[in-house]
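Colleague: Going down the list, the protein sequences come from chains A and B. Residue numbers for the first sequence follow this note's numbering, beginning at 4 and rising by one. Residue numbers for the second sequence follow this note's numbering, beginning at 259 and rising by one.
It is worth saying that the hints were derived from the structure and are not from the lab. From a predicted model like this one, the values you see are computed outputs, not experimental measurements. Each hint should be verified, as a subset may be incorrect.
[Unchecked claim] In silico contact screen, one side only, chain B against chain A (beta carbon under 7 Å); selected entries: (1) 595; (2) 639; (3) 732.
[What the hints assert, rightly or not] Each computed SDA-like pair below joins lysine to any residue, with the alpha-carbon atoms no more than 25 Å apart: (4) A:106 to B:335; (5) B:660 to A:209; (6) B:533 to A:194; (7) A:106 to B:573; (8) B:660 to B:686; (9) A:106 to B:627; (10) A:155 to B:585; (11) A:106 to B:594; (12) B:744 to A:186; (13) A:106 to B:342; (14) B:533 to A:87; (15) B:660 to A:107; (16) B:533 to A:107; (17) B:533 to A:94; (18) B:549 to A:209; (19) B:283 to B:360; (20) B:549 to A:155; (21) A:206 to B:627; (22) A:106 to B:576; (23) A:106 to B:592; (24) B:342 to B:357; (25) A:106 to B:686; (26) B:660 to A:18.
Backbone N, C-alpha and C fix where the C-beta goes; we use that ideal spot for every residue, glycine too.
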Amino acid sequence: MSRQRLLVVEDDAEMRSVIALALRAYGYDVSQVGTGADALIEVHTRTPDAVILDIGLPDIDGFAVTARIRQGYELPILVLSASSEELQQIRAFDSGANDYVVKPFREGELMARVRAALRRPVPLVERRDLNVGDLRLESTQRRVYLHGAELKLTNTEYDLLHVLARNADRVVTHGQLLLAVWGPERLNAVQYLRVFVRALRDKLEEDPTQPRRITTVLGVGYRLVSTS
Amino acid sequence: MIQSRRVRAYGFAPACVAVSFLCAKIAHPYGDLAELAMIHLVGIVLLALRSSVRTSVAASILSIALFDFFFIPPEYAFAWTDAKSGLTFLAMIFIAITVSSLSENLRRQEQDARAVAFRAQALYELNVELSASRDVRQLAAITARHLEKLFGASVDILLETAEGGLETASGPRSSAVARNAWLRREFVVESAQSGAAIWVPVLGVRSTLGVIGVELGEAFARNSERGYMLMACASQFGAAIEGAQIAGAMQRAQLEAETERMRSSLLSAVSHDLKTPLATMIAAGSTLSSKLSELPEADARALVASVVNEGQRLDRLIQNLLSVTRLDSPTVELRRTPESIEDIVRAATDRLNSPGASFRATAQFRQLPLPLVWAEPLLLEQVLVNLIENAFQHARSNVVVKIVHSAGAGALTVQVADSGPGIAEHEREKVFEKFYRGQHAGRMDGGVGLGLTICRAIVRAHGGRIAMRERAEGGLLVEFSVPLAKEPAVLLEVAS
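Looking at chain B on its own, in the form it has when it is part of the complex (with noise of 0.2 Å):
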C-alpha cells in the first residue's frame, strides 16, 4: 500500500514534466518561446503543488532541461545566448520552490489535524467504555483491548496491588523493567530478547496505580505520535481506576451507613415493640400486689389477663426476631415436609383466640379433602398468625381465614380477610418492607414494623406470593400462595 503510493508519487512528476513537454511541443509551431516556457512552468506548479520541495526542484531541473534542448535556439543542444531564458530558468527553480514548500506546509497540517482527530476519537471511545465499567479489573482489560486495536500489539496491563505489589491484570508478561517503570514513575523502554517493549507508568493523584506494556514493533519505534497516544491512554485509565475506587469507597460507606441505619431503627424497633408488652405486664402485676386485698376481683381477673395477654403477645414478638435471624441467614434451608394446610390454619386461630381476646380468627374450608401443601409448618403458622394479629391490632376486626383451591393449579391460596378501614393502595406494597409501619399504625400500635416482612419472606422462601387488595364488602384481604406437595400415590383401602 505504501508501495504503492510511493511509485505513483514518483511517477507523477516525470508525466507532469512529459506532458508540460508534449503541450509544448504541440504547440511550438504557433507561439514564441515565452509562451512555450509558460507551458513548462504550468507543469511544474501542477506538480509542486502535491510533491515535495525535493521532487519539484528535480522535475523542474528536467523540465528546463528539455526546453532549452529543444526549444531554445540552438536546438538541440543544451546551450542558450541570451540573459532572458537564464532569468526565466532561475524564476521556475523559485516558483517550484515557492508552491512545492507552500503546499507540503498545508499538507502537514492537514496531516496533522487528522492525527488530533484521531486520537480524540480514540481516547474517546475508550472513555466511554471505561466509564461504563467500576471494576478495576476490568477496566484493565478494556484498556488493553482498546490499545492492542490502538496499536496492533501485544499489550500488559499490571496493577498495585492492596499490599503494595504488582500483579497482573491483563497479558503474560511482567518484568522487573516493569516494576522499575512504576517505583520511577516515568515511561521505561525494554530491549529483551523476547521482543522490545515500552512501559508506561498509570499515574494517580497519591500513587503509582499500575503500569501499560506495549510490544514495540517498528511502527511504534518511528512515530512519536504513538507515544503520546500511549500516555493519554494511560492518564484516562489511571483516571477511570481512581474513579472506581473512590466510587467503591462510597458505595461501603453508604452501605456502612445503611447498615448502621437498619440496626438502629431494629433496635428501636424491638425495645419499643418489647418494651410496651412488658411495661403492661409489670404495671398490672405490681398493681395486683401491692392492692390485691382492695381490688374488686373482676378487676384484679382483668389484671391478671392483661399479664397473661401481653406476655403472649411478647412470645409472638421474639418468636418473629427469631424468624428474621433464621431467613436473613444466607444459607437458610427449609425443612419442609407434606402438611395439611386445615392443621397449620387451625394452630394459628387457636393461638389467637384466647378466651379474653376482644376478637375471633374463624377458619373456614369449603372444600374438603384439601391437598396437602409441601412446607415448614411452623414457619406458615407463623405467617397466619402475623396476618392475624395484624388485623386484630389494627382493623380492629374479626378475621376469617379461608383456603382456596382451583384444580390443576400447584399452589394453594390462604386468604385472611378483616373487615377494618383497610390500606391506602400505595401503602400496600410498602408494608411488607422492614420496620415499615401504616400511617395510622402508631396510633393504636403494638404493629411490629416486622411482621409483613417476615410474612413475605417465609412465603418467598417457600415458593409462593403475598399480596393484598381491598374487598368489596370493605376491609383487607391479604392472600398468599403455598405450592402443593406430590401426593402420594394410591393409598385407597376398603373398610373391613
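This is chain A alone, in the form it adopts within the complex (with noise of 0.2 Å):
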C-alpha cells in the first residue's frame, strides 16, 4: 500500500513545518499550503488521503474551508484551533470536520486522531458487525460482546454504543448522540445523555470510575477509544 498523502493547512509557516516534520515521522506523505485557497486547489488537483487544517486562516476561515471541501469530498478533515471554546468545536463538527484539536498539543495525541481520522467511518446502512477493540457489536442481532462475553444492555444503551462504535475514535457530538438516539425532539436532553453513557460504562469498563473505553470531551461530546 502506498504511504497515505496527507495536506496541512496553517499559516504560521514555524507550526506548519513542525506538524510535517512530525507527520513525516510517522511515515505519512505531507503537503502543506498557508491558505484556504490554495488549500481548496490542493483538495482539488491531488486529493489527499486526509486534510488537517487550521481554523484561523488568513483568506477564508476553517469553519468555510471545511463546508466548500464537505460539499465535493467524504476525505477526514481535522481541524486545529487554539480555541477549546466548545461553541467553536461544535460549530466546527456541525460544518462537517471529524475531529477537532486543540493547540497547543502533544505530538501523540496529533497522530492518534489522524490515525482515527484515517480510519473510514462506517456508514449509517450498513448492517455489519462492529469490532472496536475486544467490544464486539453483531448488527442484525443487536449483541454486544466484551472479551467475547456477552453484555446485556437496554435498547437505548444498544443505540448509544452503535453510534459510538461506528465512529469509533472519534468524538461525538452531544447533538449528534442525542439526535442519532432519542430524535430532534431530545437535542437539549443532556442529561439523558450522561445517564446514559455512565450506564454504558457501569457495564463495559473495568473501573467506571476511570473509563478508559468511552472517554470524555468537555462540553462537547464522546468518543468510543478502540485501543485500551
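Reconstruct the complex from the two isolated chains, following the hints.
Modeller: Structure representation (C-alpha cells):
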C-alpha cells in the first residue's frame, strides 16, 4: 500500500513545518499550504487522504473551507484551533469536520487523531458487525460482546453504543448522539446522555470511575476508544 | 392666633388702669392723695413692663384723668388746684415712658436672640442632612425640602450644567429671571402674574452653581430675617455642592490611580509569569540545538521534557488570562448544561498527570452514581486545574480530589486536599484576592497571582462557595460547591 497523503493547512510557517515534520516521521506523505484558497486548489487537484486544517486562516476561515470541501469530498478533515471553546468545536463538527484538536497539542495526541480520522467511518445504512478493540457489536442481532462474553444492554444503551462504535476513535458530539438516539425533539436533553453514558460505563469499563473505553470531551461529546 | 394676642395686649392696658383705679377707690377713705397716686403708679409700671411706649403713655393719661376726676378735689371734675398734683402727673407719664421703653428694648433683644437660635438650628439641621449626601441632585432635593418647610412656600432649584446652562433640579418652575440672577450673581425679585418670587444665586468659589427661587408670600415680604435665612441656606447649599464635586473628583482620581495600579501590577504579574516558562523553554531548546551531539541521552530527554512541560504551563496561564477577561466583563453569561462531575474531575487530573510530572493528583469517588451538576464544564475544569497546580507548586505534594454529596443538599462539594505546609489562617482569605501571592510563593514561584481569584470568580458565577481550611492530618483542603442540575425524570429501562 502506498503511503497515505496528508494536506496540512496552517498559516503559521513555523507551526506548519513542525506538524509536517512530525507527520513525516510517522510515515505519511505531507504537502503544506498556508491559505484556504490554496487548500481548496490542492484538494481539487491532488485529492489527499485527509486534511489537517487550521481554523484561523488569513483568507477564508477554516469553517468555510471545511464546508466547501464537504460539498464535493468525503475525505476526513481534522481541525486545529487555538480555542478550546465548546461552541467553536461544535461549529467545526457541524460544518463537517471529523475531529477537532485544540492547540497546543502533544504530537502523540495529534497522531492518534490522524489515525482515527483515516479509518473510514462505517456508513449508517450498512448493517454489519463492528469490532472496536475487544468490543464486538453484532448489528443484526443487536448483541454486544466484550472479550467474547455477551453484555446485557437496554435498547437505548445499545443504540448509544452503536453510534459511538460506528465512529470509533472519533468525537461524537452531544447533538449528534441525541439526534441519533432520541430524535430531534430531545436535542437539548444532555442529562439523558449523561445518565446512559454512565450506565454504559458501568457495564463496559473495568473501573467505571476511571473509564478508558468511553472518554469524555468536556462540553463537546464522547469518544469510543479502540485501543485501551 | 396673632389676632387674639393683639386683643389680649389691648385689653391688658384698660384692665391695669381699671384695677389700679378700683384699688385706689377702696383705699380712698384710709389714705391721702399721695398714697392714692402711688397705687395708680403701680398700675402704670406694671402695664409699662409689658406694653409698648404708645400704649403705656395712653394708659397713663387715662389713669391720670381718672385720678384727677375721682380723687383730686374738687372731686368729679377735671381740675386741680395745686402745682404738686401737676408735678405728680408729669412724673407718672415720665415713669410710664421710661419703664415701657426699657422693657420694649429688652423684649426686642430677646426676640433677636430667639431668631438667631432658630436660624442656627435650621441651618444646623440643613447642614447635617447635606453632609450625608454626595449627589448633587439629592443635595438640591434636601435643600428644597428644608426651605419649603422653613418658609411655607414653594421652592425651585436650578443648577448649572456641565455645558454652562441651567437645568431644573427641583421644582417645576424655571424662568428668565432665574437666569438673570444666575448671570448677575445677585438676588432678583420676580413679579409675575403667576406670583412673585425671589431668586437667590448659589455662589461657589469659581462659578455660580445654581439659583434658588422662593415664592414670595406676604409673610416673606415683611420679614428681612427670612431673606437673610434664605441667603444663608443658599450659601450652605453651594458649599455642599462644591464639597460633593471635590469628593467626586477625588474619588475618580483615586479610582483611576487604582485602575492604573491594577493594570501595571497585572502587566508585571503577567509578564513575569509568562516569561518564566518561556525562559526555560528557550534555554532548554538552545542547549539542545547547539549541544545535541555532546549531551548524554538522558539529559537531552530531560531538556526536551522541560520544553514540553513549560509549554503546557504557559498554555494554562494563558487560559487563566482569557478567563479573567471573560469573567470580568459585566455581561458574562455561563453556558451551563447538566454535567457529570466525575468527567470534569478526570479531565483536570488527566491534564496535570503528565508522565514526567513530580506529583500526582488522584480522584476518589466513593458514592457513585453522583448526581449531575449544573455547570459550564471547561470553567469547572479550570478551577480544578488551578487548585491542583497550586498544590503541586506551593505545597509540593500529591493531591487527592474527593467529591462529597449529602442527600437532600442542592449542591455537591468538591474537595482538593494536599499534604503540604498549608496556609496561615490570616492569609486564607487574601490568597483569593487578585495578584496576591502567599508569603512564601515568591521563592518557589510559578504561581499566578490570578489562579485562586479565577477559581473564586468561576465558583461564584456558578452560585457556589469556595473556602480553604487546615486538614487534621496536615496540609490544606480547598473545597468548593457546585449546584446540582435537575435530574431527568424516569429514564429506567429493562435490559433486553
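Colleague: Identify every previously stated hint that the structure contradicts and give their numbers, smallest first.
Modeller: Those not satisfied are hints 3, 4, 6, 9, 10, 13, 15, 17, 18, 19, 20, 25, 26.
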